[in-house]
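Starting from the known structure of chain A, arrange chain B on it as the hints suggest.
Taken in order, these protein sequences are the chains called A and B.
Going by the numbering used here, 468 is the number at position 179 of the first sequence; the sequence numbering is gapless.
Going by the numbering used here, 213 is the number at position 200 of the second sequence; the sequence numbering is gapless.
Be aware that one or more of the hints could be misleading.
Below, computed lysine-lysine pairings styled on DSSO-like, alpha-carbon distance capped at 30 angstroms [said to hold, decoys possible]: (1) Lys397/B / Lys1385/A; (2) Lys453/A / Lys1150/A; (3) Lys383/A / Lys135/B; (4) Lys144/B / Lys304/A; (5) Lys595/A / Lys385/B; (6) Lys342/B / Lys419/B; (7) Lys317/A / Lys400/A; (8) Lys338/A / Lys224/B.
Note that these hints are calculated values from the structure, not bench results.
Letter by letter, the chains look like this.
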Amino acid sequence: MSEWVEERSRPAERKWEEFYRNRFQHDKRVRTTHGVNCTGSCSWEVFVKDGIVTWELQATDYPQLEEGLPPYEPRGCQRGISYSWYLYSPMRIKYPYVRGALLDLYRQAKKEYLGDPVNAWAAIQADPEWRRSYQQARGKGGFRRIRWDEALELAAASTIHTIKEHGPDRVAGFSPIPAMSQVSYAAGSRFMSLIGGVIMSFYDWYCDLPPASPEIWGEQTDVHESADWYNARFVAVMGANLNMTRTPDAHFISEVRHAGAKLAVFSPDFSQVSKYADWWIPANPGQDTAFWLAVNHVLLTELYHKRQVDYFQSYAKQYTDLPFLVEVKDGQAGQYLRAGRLESYQGVENPEWKLLMWDEHNDAPRMPNGSIGDRWAEEDKGHWNLELVDNLTGEDIAPRLTFLDHHDEVAPIELEFFGGEGIITRSVPVRTVQTVDGPVTVTTVFDLLNARFGVDRGLGGYDAVDYNADDVPYTPAWQEQYTGIHRDTVVTFAREWGRNGELTNGKNLIIIGAGANHWYHNNLLYRSGIVALMLTGSVGVNGGGLGHYVGQEKLVNHASWGSIAFGLDWGMAPRHQNTPSFHYVHSDQWRYERGYRDYDSLPENHPEQHDHTIDHQARAVRQGWLPFFPQFKDNPVDVVRQARRNGADTDEAVSDAIVERLKSGDLEFAIDDPDAPESWPRTWFIWRGNAIGTSAKGHEFFMRHYLGTDSTAIAAEPDDHGVTEVTVRPDAPIGKMDLVVDLNFRMDTSALYSDLVLPAATWYEKDDLNSTDMHSFINPMQAAVEPAWESKSDWQIFSDLAAKVSELAGGHLPAVSEDVVMSPLLHDTADEISQAKVGDWRAGEVEAIPGKTMPRFKVVKRDYLHLYEQMTSLGLGVRNNGVAAHGLRIGVEEFYDELARRQPDQRTRGGDGLLRPSLERDREVCEAILALDPASNGELAHRAFEAEEVKTGRSLTPLAAGSRDTRIDFSQLIAQPRRVLTTPTWSGLIAKGRAYSPFTLNVEHLVPWRTLTGRQHFYLDHEQYIAWGENLPAYKPRPDHLMLSETEESLAEGQDGRMFNYLTPHGKWSIHSTYSENERMMTLSRGGYPIWINAKDAADLGISDNDWIELYNDNGVFVQRCTSSSRIPRGTVFVYHATERTVGIPISPRRNKRAGMNNSLTRTRLKPVLMSGGYGQFTYAFNYWGPTGVNRDTFVYLRRIDRPEL
Amino acid sequence: MSMLFHLDKCIGCHTCSVACKNLWTDRDGAEYMWWNNVETRPGTGYPTGWEDQDHYKGGWHRDDKGRLKLVLHSKAGGLGKLFYNPSLPELDDYYDPFTFRYGDLFNSPQSEQQPTAAPVSKITGQEMEIKGGPNWDDDLGGSDIYARNDLSLEGVDDAVRAQMEEIERVVFNYLPRICNHCLNPACAAACPSGAIYKRAEDGVVLVNEDKCRGWRMCVAGCPYKKVYYNWSTGKSEKCILCFPRMETGQAPACAHSCVGRIRYMGVLLYDADRIEEMVSRPDDELLEAQMDAILDPFDERVVAAARAEGIDHGWISAARRSPVYRFVKEWGMALPLHPEYRTAAMMFYIPPLSPVISTIEHNMVRLDLPDKRADFELMDELDKARLPVKYLANLFSIGDEEPIRKVLSTMLAVRTYKRRQSVDGVIDDDTLALLAATGLTEERVEDIYRLTTVPTIEDRFVFPPYHREMSIEQLEDPLVHKGSTGFGSIRAPKRGA
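If we strip away everything but chain A, and leave its shape as in the complex, we get:
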């Protein structure tokens, strides 16, 4: 038996084993990580052998959090571990490439213009035929390798020409989510900020931003690090496939089940995370809203009405707006009653911005601390906190949640329902309040909420009598028609949810993701779930709350990073653009529809809502709600020059002159005539991302209107667009972009379609910083090997470009030029208290006042001849003004000086001015970010809390005392991942290894949320929300194919397809498109991007597994092979998100062109109510607010085809 057991006594036999030992031996291991789009922020060790990166494995040395929590190690997934393939793969971009058709024109033109690149470029642009010739060639091969110098020259020539001819705000830059490679992102954004270019947002465009978060919390997003999932005891996973998309974090969920937590998964398909759920609840796609509304109906009925739970009651009173008073007039719920309208509170500071609750003690309305008026107080500071005391007298307030037993009368209230029920009259108990302008009827938000949910509280009216009332919203029986889930399951779920919340003081956790957030009415979906969290006191506690994991928005060091990334150190005003509006307008997707009336749900109550989405967009820009670039049809540099010529000797005078010209119509907003050539973006830089490919919702419209190349879209424009505010030019422009530049390490779809492709260093070839919301560590990226072939880091490329622009700018741009930057009213500034009432200055409803009723206009000086110096040196602005976040300003002077001594900018040595820190090398930028931010510098965290103390009047600096001496620098990050510090630039408390849970600072230290009331909002009283019927939680139906008009032309093409709802959840074999074409991932999947359909649907259509399928609609076409499985719901087709056009994509038989990618079937539609601004938490900030690029509501035709031509 043991003859094959090799004993140690025969060692020579086993010498051959060195065959494998030799393979394993390596020369170096280096800690680094993966740099774009992935939320993992995993610490990796990269193994180098023979100067070649050979493989990677996870580092496992994360510091442990508090006892009882599972460790983080190992972090890293199948995608990350396949990254090393890219470095030496045939997809690697090793040299600069340019489209041959363009290069020939350029070289010819340059000869004609005596070697002047800018004049040569101008000549190409001036000739429509030349322009068309290279635009039509985009994406169709013909790349040529060129020298770096010529590549930079082309990019610089186009940049200078665009600035000179059209204005700097026609240069645009797109790069996604900076957190994962902060320096690389900042490279381009800093370049854009310095030249006056447009910095395009990503979080809202990707539809990763959950608008419900700003709506309810005044917060972009703030979530639990994944270790905190382990503190939950009831977890509902919704629209998030953790095993697929949060692979390194999923173990906390599998593990917490064994710690006693219950797991419910909502997913229309039997997803990977469903496999270990206790309950899999296959609600119909996009219908989770109805389920949660019914859950809330049960919670309100059983745990608020029939019985009261002490914990829930006290939570509701202190941390939510439920006790706040709302005016009821003519059967309508209006705005919060303002303190300033009461005699007793006359004369308080910001009277329109302080709100009221009803005090049980003296049975009267009282003004508590913490409203937004306290936040922006100039005089009476120190009241912005959640103490339940009277703002004036300091007396305790006992908030009354309901007037049920203490009302003056019961008033009817008309509530709009959108599921076909129309207006239903329900009842609320009300009190009458004497105001300076007479008696006013008020109720509480809590009472409104009960009316909304149809809780039968014996007030009469049309309230639901029991859970089985299937025609009464929002009962468990009512939701069945939408979700397909039995009412009993809803009731069981709700009771278990309530029980868990009660017994654990709020350890109820919702983990939610793109499967929920990508629907048109995602804000309502999220709100319905958040209501169930707030009702069970689950927000701001460890193990409770909303874990929204879509996109990695958490750049922990954002205070210092923002100064560098947006040129604030040189006094720049960045042109921050919300990308959904930018692409909706500029890629002309707006022209293919008649606007929101076709796809949104409009309230009968407000018949004035009838125009086109772009009208709403245009008004939002002129009212200061949203940004838009180009800002004017004129070159902004010319606008300042003209104002100066006319005698404007101060910046205010320039602004006044602009206002006058805008009012007279002499100066036009570009948004008002979006297709005029003066309004086009011209030069587009893309780095770290796939802006033309997987980031392009309405991809085929990008092809046509941006690039001017082939498109598979067949959508027709309506005969009458129904537009009232903007000019509709008869023909949509084809090919708006003069030059598209892509910095990339792989030939992805964006690179394939760009004019100029610059070889970027991979993530194993540069130094950078990386952080995430999934854990609380900062990770470094380090060069394991130098950038291969001719590649360079993004920071080096943009620095080189800055130098080239300076070199070529002479004679084309003045030494110092003045530019005026238009910006909307901004969140976390006093702009939040600008517009108590909505008014359009153009319609004469209000006066035109910059920064109040319209955008602000700021004059900025630009020095194009010293761009390189500015780019690579940290300006004194940050020394003088400090860094800022969340409305707090933090002085950094001595740390600036220390940094300058450590890494001096040699150019500033020995001069008259101060020594400045150098930013020439990537590593130096990392050090600057770490040194000047409260998340990594304990003294600055302490200082930030000092600033917060002034605002709140609460003692907070003890929170930073324990880490005051901590200074995290790059060398420490290399040694081991370092945990960030507790700082008020975030909302979680993490001392002593406690897991980060958002809003624990608010709950435990009574720091208000950054909202109107300072509390979490059930009620949204922006006038626009009232007009759109979204002031209270609501169900709005999913737009169907008849509303979307994207299949009619396709039906006319032929009737051999069947219609499906088209879903594009995040996939298993890629992080967005990265890794997807990687040979490893292709091998483990099916060598393509399969179209998943239900096995019975496949059988009905005569389709076998692995057959070829064509998916098409009016927006475009997609061709791949099919995977059939009964885990997919019927009538639905899945294509896992983010395919590429580069690998194995056939010619479409139907459209006879190369088939597109997953976004070929989508078109973006904006939700107008999300354009509301100028008011409390509804105020613009970059990636914080605005309509999002939804893409889930799409319908396609599907048909089987024979093997197509490649």
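Okay, now just chain B, sitting in the frame of chain A:
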């Protein structure tokens, strides 16, 4: 050395597979080798249908006289198959490894259509249509082609099988597989060249690349299809359990990289003299016999015997700290895959929980829950788990449902206990009665809980001291080795050598 897979925690990510591929099989002739793969089950696995021993003839069987025979040899005789072996898997049972002509994206001249990178075979270099892969039925669940044909569904009630293709019961789980480094390896027994051996110190089964003559009997003989033939070198290769890593105290790449934290490794002591008898038992005694052969490292007699065999204290100490021992032997929660193959596999699996089934009422999906509220509804109704107990029993316990029920109940009891402790705040008599009924104590519950959820890397992987210097000493002075190792030129095994 033994590895344990906690399948309830597996997320099916395949990080393990890529870690292994990067390190060991990313080269000519090894493209199709997945020493570590992950299968979606029910499904047909890799190579396709590998469990079909009627076809592949892997493993051992017990003949009429109770003697152990290789399935492969007992049918037609081993030598006769040297040149033609019909039970060898063919390329179609694996797949044609592919890549793409990525370079066309850079080099295509300007043309009417966008260029695209065509798929090409890595073996022939020719354009191809992709029809298979090493993970072709990934995440399919309820597939009428793959899941339905999973052999381990045999004996599962027909109505249940039909439901597994419907919303009420559709389900899947994952089965990561590496070489089982068996105690009774059929690959080694089948090798005509004597090239396959089991390392005495750690039980790693290796193909000696110098001695292998490429007969491929091991490929056929292994019932798990975990030996692969390298067409470039003409030799067979298989999982080496990353011995260069283990020898330096590091977990094998697949286990190290397991981001689901499902893998554990540790020493199991066994009595080598009992192996033959143990694997020759009748089917219904096999599993128990294998468990019995694992020795208690705390038993002084075992320790004395081990010492006598020259096993040093470091190994005994490691065996006592072995997480695998605790799960397998102390708690009875882990089982070998297909013990009926009689190879005495040394990799163990904890079978998984799955969601409660649903019913359809008036076209509405309704969770099929008991009338009375329960913390975890499956506790008393294991048959309402989506993954049929019988199916798991076919994988891990030769069709006997009892061991599976015991493991699943143990996991549910631990969950219930921890829920009552952390949610209700009391451990009442009901809870204690539940533990008693499941054969658990509070102390054991806490132990199981801790090793399941919060183990660190040191808890999951316990390696003994290898004393490489002592092995090396048998060939040369370690001091000499110190100065000379690595100076030899690296050579690949020569084809046909």
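Hints and how they fare:
1. Lys397/B / Lys1385/A: Distance of about 25 angstroms is within 30 angstroms: holds.
2. Lys453/A / Lys1150/A: Given that 30 angstroms is the threshold and the Cα spacing comes to 15 angstroms, the pair holds.
3. Lys383/A / Lys135/B: OK: Lys383/A and Lys135/B at ~23 angstroms, within 30 angstroms.
4. Lys144/B / Lys304/A: Since the Cα atoms of Lys144/B and Lys304/A sit roughly 41 angstroms apart, the hinted pair is violated (cutoff 30 angstroms).
5. Lys595/A / Lys385/B: Since the Cα atoms of Lys595/A and Lys385/B sit roughly 22 angstroms apart, the hinted pair holds (cutoff 30 angstroms).
6. Lys342/B / Lys419/B: Cα-Cα ~13 angstroms, so holds.
7. Lys317/A / Lys400/A: Violated, at about 50 angstroms.
8. Lys338/A / Lys224/B: Roughly 28 angstroms between the alpha carbons, so the hint for Lys338/A and Lys224/B holds.
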